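Can you build the whole structure from these sequences, using the hints too?
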Amino acid sequence: MADAASTRMEAPLANESADELAYELRSAEGATWTAGKLLVGIGAFFYVGLGFAYFYLRSANDLNLWRPHNISAPQDLGALIMAVVLACASINVFGTYRLRKGMTADWEVAGWASVGGLLFALAVQIWELTRLGFAPGSSGYSSLFIAWAGMNIATLLITAYWLETLLARTLRLRRAVAEDGGLYTSTQPAARLWRANLESVTYFLGFVALVNLLFWIFFYAIV
Amino acid sequence: MAIGISKTLDDVGRSGNEPPAPQTSSRPAWMSQHLGTAVIGAVAGYAFGHWIGNVIAAGYPNPQSNGENDIAIVLALVFGVVGWLAGIGAFNYPLAKIIGRAPAPEAPEVGWTRFFKYNLDHKVVGFQYMIGVLLFFFTGGLWAMAIRTELLNPTNHYFGPGTYIAIVSEHGSMMMMMATSVIIGPLGNYLTPLLIGSRKMAFPRVEAFSFWMFMAGYLVILTAIPLGGFPTGWTGYAPLQTQATAGMDSYLVGFIVIGTGMICAGFNVAVTIINYRAPGMTWNRVPIFAWSLLAVSSLLTLATPLLATACYFGILDRTVLTSIYVDEHGGSNFLWENLFWFFGHPEVYIMAIPGFGIVAELLPVFTRRPLFAYRVGAAGMFGVALLSFFVWQHHLFDSGINPDMRPLFMLTTELISIPTGFIYLVGLGTLWRSKIRLEVPMLFCLALYFNFLFGGISGVFVSDVPADVTLHGSFFVMAHFHYTIMGGLMFAFFAGIYYWIPKISGKMLNKRLGQIHFWCMFVFFNLTFFPLFFVGILGMPRRVFEYAHNLQVWNDVSSVGAFLLGASFLIFIANFVWSIYIAPKKAPANPWGSLGLEWQTPTPVPFFNFERIPVILSDPYHYDEQDPLPVADLGGGLVPVAAGAVGSVDMPGEPGIEGTDPGGSNG
Amino acid sequence: MASGQRTSGGRVAPHGKRIVGGWITLSVVFDLLFGFLVGPHLPPGRMTSSAGSQQFDIKVLFLAAIPVVVGVIGYIVYAVVVWRDGRPASFEPPAQVTARQSTRVQAAWIGITTCLTLGLFTFGTIELILPAGAGGGEGPAPIWTPASKTVLPIQVIAQQWKFTYRYPTYGGFETDQLVIPEHTPVAFHVTSLDVIHDFWAYQLGVKADANPQSDNVAFTTAEQLGRFVVRCDELCGIWHGAMYNYGQVMTKSGFNTWALTTEHKLAANTKLLPPFAWFYSPSANGAGGSYYGTNATYSKVQVYGAATVSPAQASKPRAG
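Residue numbers (the numbering used here), protein chains in the order written: chain Z, 157 to 379; chain G, 7 to 673; chain B, 38 to 357.
No lab work stands behind these hints: they were computed from the structure.
Certain hints may be false.
For each label pair, taking beta carbons as the anchor points, the in silico distance ranges come out as [to be verified]:
#1 Z:L370 with G:L158: 30 to 40 Å
#2 G:L533 with B:G72: 19 to 29 Å
#3 G:L444 with B:F67: 19 to 29 Å
#4 G:L533 with B:A132: 16 to 26 Å
#5 B:S185 with Z:G197: 44 to 54 Å
#6 Z:S215 with G:Y66: 28 to 38 Å
#7 Z:A334 with G:Y66: 52 to 62 Å
#8 G:P636 with B:F73: 40 to 50 Å
#9 Z:W268 with G:A64: 35 to 45 Å
#10 B:R264 with G:L158: 26 to 36 Å
#11 B:Q285 with G:I137: 49 to 59 Å
Chain G regions said to be covered by chain B (calculated; three or more residues, Cβ under 8 Å) [what the hints assert, rightly or not]:
#12 239-251
#13 580-593
Computed from the model, here is a short list of chain G residues facing chain Z with C-beta under 8 Å [said to hold, decoys possible]:
#14 I330
#15 G512
#16 R618
Nothing here was measured: the structure is a model prediction, and the numbers come from that model.
Don't be surprised by glycine CBs; every beta carbon is placed ideally from N, CA and C.
This is the structure in structure tokens:
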């Protein structure tokens with residue numbers, strides 16, 4: 157989504173000066189950067205609602221129905237999802253580190269691996285819903301677990317989409333930026349906006365990993 | 007990350023100075039996407055979703071036992087919205103992105119058809135929003151008049167109780183949905199770039215998306231009527247929500263849809279104001295209206311997700327039979343109340359702050375005085391925004407939730423009156439020894455100060471826990487928030503419309519008709535809602551269709567006022583149609599003598615707003631000077647400045663332009 | 038910041054003195070008129086202790102609000118009348134160029150509004166705590182309770198769309214008549230069987246949400262005899278507007294007679310009722326069975342019924 161800033165939608169003015177172009181480019185760059193942070197904020201408040209509900213129902217434990225019979229979602233699948241998402245975020249950070257050293261291909265491999273990992277985690281999350289030992293309405297825990305699974309599916313899908321569009325753009329940019337040092341050093345506007353976008357998606361992926369870790373703790377570790 | 011300015015065009019990647027060849031259209035006319043295809047998509051999506059839902063769930067016990075398949079309804083609504091967006095073309099670029107396509111430069115579209123398309127020009131979107139908001143507002147207004155019709159008589163009924171409660175709920179939900187976007191949608195989208203000296207919004211696609219989501223929300227909430235309505239009012243309290251029939255799904259999906267639109271609109275405006283300010287537009291020079299838009303954007307982006315989450319939980323409860331709000335099975339009805347009001351109270355200020363921004367922006371123009379206490383005013387808006395996250399339980403003083411926390415929430419609630427008071431400080435200080443011109447926008451501004459005074463003071467009454475025991479849930483509360491939203495926000499909205507229509511359309515609205523509209527609206531508004539304070543304090547609960555006989559006189563006064571208030575908008579519509587389409591009168595370039603940057607652009611505003619990126623020289627409130635400096639250098643000032651001192655244009659956050667603002671920074 | 042610069046060009050009319058003088062005069066006049074003419078008749082009257090405290094609160098708030106309203110509206114009217122410029126399109130600055138900003142005014146404004154706000158908060162808190170919650174719902178475990186040891190518990194059961202009342206200290210009979218004794222602290226235990234309702238006894242100055250699976254306590258002490266109206270104050274479905282009935286404040290002895298008579302009269306009914314509890318759970322077997330079924334084995338509902346409390350014990354019922 158943040159990438160929408162990257163290019164002017166409209167036909168550029170005929171006689172734009174270099175300074176104006178530079179100024180607008182900086183604005184677009186800043187917008188992508190700000191957008192990434194703001195998306196983390198927006199996402200966080202989606203999950204604040206879930207976290208609030210979790211602790212509210214857990215501490216209220218009305219009629220002892222927060223978690224009767226110590227039900228739990230499948231521990232192995234939950235750990236797998238969480239581990240894969242954390243791994244995706246780590247790989248992406250590592251790829252960015254390699255990119256900074258000029259190894260674009262490494263980042264691309266890491267990026268595609270992350271996308272694959274996110275989609276895998278998503279598939280496992282969906283599959284887990286068929287492996288639950290409880291009915292959705294049987295307790296507070298089971299209800300909120302369903303809610304969490306749904307939100308996580310949506311989040312993983314959006315993240316995978318964002319990362320994938322960045323990778324797709326990378327493929328198209330590769331040749332154009334090869335002459336001045338690759339994506340990380342090129343001063344071309346497309347490359348600069350690409351880097352701002354990369355930074356945003358890295359932040360967001362980190363946020364998604366954090367959310368997965370937190371709610372793994374809530375729903376599997378400390379139930 | 008400063009790049010050398012000496013590296014020129016090639017470095018910044020333009021292939022040259024030539025604009026791209028104007029692409030007439032990349033696809034044949036019969037394939038173009040517009041409102042018609044959107045409607046087709048919506049209908050097809052609705053039918054498809056309904057079918058899928060029936061295939062999935064028709065055999066499940068729940069739909070069979072209660073004869074209603076909520077899964078089918080929810081899927082129908084969701085796919086309807088998806089079809090609507092696909093039909094208008096919202097997904098074209100997001101899908102092209104998957105294969106790495108960059109957006110193709112598009113030639114600006116001309117002609118009236120652009121208003122029915124997925125247009126990326128913030129001015130077109132602003133105008134679309136204006137029509138959409140008015141549509142929303144008038145539809146909600148018709149429901150309001152239906153409510154007042156029913157309340158003409160305490161015991162004789164014009165509607166059945168089920169119809170009545172559906173109307174009440176529809177009115178509340180539609181007006182709340184509309185009011186969250188009423189200013190940030192039309193005026194925010196249209197004016198943000200003009201106020202801060204930008205050529206575009208940061209994310210034109212997000213901006214167009216937010217509008218089409220807004221209209222999708224309009225359609226979704228209207229589907230509640232054919233689905234049988236919903237009985238919960240706009241608050242949707244939980245056990246009733248879970249119990250309600252299919253119309254409830256429209257409410258839950260509708261608020262998620264409109265919430266997504268709100269998040270997108272706020273996100274876009276916030277990013278734009280932060281990043282796209284023209285050189286020299288330091289935070290000290292940002293117009294107060296832009297400050298208010300920024301404050302409200304922060305609320306829209308951060309509070310609305312909570313509503314979406316809460317509604318999503320509600321949908322789960324109604325479709326896959328979780329029990330998040332079901333007390334008997336481990337949930338809690340208090341949870342909805344908390345989540346809803348955790349969004350709901352920031353939302354109240356989403357509906358107040360832009361109104362404050364408009365009056366603060368307009369007062370200096372019509373008093374020829376600099377804005378008084380500019381910094382305090384801007385800080386006040388952010389103070390309100392911040393505090394609004396910590397007051398939500400004042401809606402629940404009698405609910406039995408955390409009763410020991412009531413003094414704390416009483417404190418935070420009353421603290422809000424301090425930053426809200428700053429708005430009065432700004433207004434009253436600006437009026438001091440000024441030169442007041444009672445143009446139509448100014449009348450609306452003064453009316454806001456009058457109405458909001460009653461709205462705010464009655465707010466202190468309901469914030470006081472002991473007084474709230476009597477006032478909570480009564481018509482007093484109803485009158486209170488109509489005074490703040492209708493009397494505050496909507497008056498500010500009309501102030502803004504009358505003020506900026508000459509800029510937006512290039513035509514002047516008729517002044518005489520405008521005055522008649524104002525006086526009708528002002529008098530009848532007070533006639534409608536002032537009696538409701540009495541009715542409420544005398545013990546009439548909200549949302550009832552039967553009430554005590556001794557309250558009939560006040561109720562009838564209010565009803566008559568409501569019909570006349572409704573009629574007063576006909577004057578506005580007549581004025582709008584007459585002055586813009588039937589007998590247009592060309593507006594002067596700057597009819598109000600404003601120093602604001604938006605008035606320095608040509609009318610109609612060119613496609614790129616500013617031929618050159620303006621360099622801002624001062625804040626726009628130097629009305630006390632005989633010949634104030636121009637607020638900005640519009641004539642390519644960037645070029646000489648940049649040639650001389652690169653650093654000065656480097657960052658929007660730095661005051662770098664020499665010789666500006668002799669009075670020092672404002673405030 | 039150009040603080041406090043005064044460029045008084047020539048003679049300046051004493052606007053400030055006029056405004057402040059007019060404001061003080063009008064405020065005092067209106068406050069006195071309101072306090073003496075309207076104040077004693079303000080809703081919700083003085084039928085109970087909580088109604089009285091609410092009336093006092095509303096009166097104080099009005100007295101505080103009137104000067105604010107008078108000040109702001111008076112100022113705006115003064116400004117429009119005195120500083121109006123009727124000429125069309127005259128864009129010159131005002132003749133007297135006044136100070137652009139005044140730090141002193143801003144600081145004073147902030148200071149005054151802050152003091153006013155904190156004062157109102159202190160007042161409201163005292164008025165909430167001293168009269169034992171001022172008649173508002175205080176949840177299942179109220180912390181502000183009446184000083185008296187003898188509190189009469191009355192359970193208010195709300196359901197779509199009617200109120201019924203149970204008197205646990207009189208055998209737990211259930212009736213649709215609400216009768217309370219004079220000069221006796223009463224604890225309304227409000228609960229719901231279905232959706233959220235709100236028990237609003239207007240003249241009693243009592244309002245408490247009725248939540249399913251939850252007990253919400255509100256206290257009051259009747260000080261006058263008479264009838265009062267009970268309305269549902271939380272939207273509860275289509276017949277919300279028709280969900281009301283009436284109650285009565287009786288003398289202590291009259292109440293006791295009524296209660297014992299009714300208990301006796303309804304004894305057969307009471308046997309069929311579920312045992313008295315602070316709230317009621319539906320049957321675990323679902324809506325098909327008995328709604329009040331005792332087979333809700335997971336329920337931690339505290340039973341507080343006919344077997345444990347008799348009229349003789351009415352002098353020491355649970356205070357909350």
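Exercise. Which hints, by number, does the structure contradict?
Worked result: Failing hints, ascending: 1, 4, 8, 13 and 15.
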